[in-house]
Amino acid sequence: METKAQKNTIPEFRAGDTVTVHYRIIEGDKVRTQPFEGIVIAKRGEGVSKTFTVRKIGADGVGVERIFPLFSPNIERLVVERTGKVRRAKLYYLRGKVGKQATKVKERLFTASVPEQSVEEKAV
32 METKAQKNTI PEFRAGDTVT VHYRIIEGDK VRTQPFEGIV IAKRGEGVSK TFTVRKIGAD
92 GVGVERIFPL FSPNIERLVV ERTGKVRRAK LYYLRGKVGK QATKVKERLF TASVPEQSVE
152 EKAV
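My numbering puts the first residue of the sequence shown at 32, with every later residue one more than the last.
None of these hints come from the bench; they were simulated from the model.
Check the hints yourself; a few may be wrong.
[Unchecked claim] Derived DSSO-like pairs: lysine-lysine, alpha-carbon spacing no greater than 27 Å straight-line:
#1 K81 to K116
#2 K74 to K116
#3 K74 to K121
#4 K128 to K87
#5 K61 to K74
#6 K74 to K137
Computed from a prediction, not measured in an experiment: that's the story for all the values here.
Produce the entire structure from the sequences given, and follow the hints as far as they go.
The structure is reproduced here in structure tokens:
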């Protein structure tokens with residue numbers, strides 16, 4: 032059961048990353064996809080019951096949080112928009128922030144590994 036549910040290809044992300052979750056919503060007989068973009072403030076659980084919490088600032092500066100099951104069949108797509116550099120696994124302190132401070136997370140930069148040349152090759 033667990034391996035069947037985990038077959039969805041989900042990109043690697045962690046707390047502090049800005050993600051867009053394209054979630055399938057069923058309204059009566061209509062099915063539509065609703066994108067939800069925000070900062071991942073927490074990941075919890077193990078296996079198929081793993082969940083993650085995404086927080087965004089909605090209309091009138093009101094914070095909106097949504098908890099998504101990671102292996103839900105209703106998640107059509109998960110896109111990592113920006114990687115964040117934070118020192119905490121849970122970013123619950125963002126709940127107390129207002130305005131721009133609530134979405135302010137430093138960006139994590141990746142360094143490309145460059146093969147080093149040996150000393151003899153540099154001398155030639």
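Evaluated hints:
1. K81 to K116: Distance of about 22 Å is within 27 Å: holds.
2. K74 to K116: holds (15 Å)
3. K74 to K121: Given pair K74, K121 holds - Cα atoms ~8 Å apart, limit 27 Å.
4. K128 to K87: Distance of about 12 Å is within 27 Å: holds.
5. K61 to K74: This hinted pair is violated, its Cα atoms lying about 31 Å apart.
6. K74 to K137: Roughly 19 Å separates the two Cα atoms, so the pair holds.
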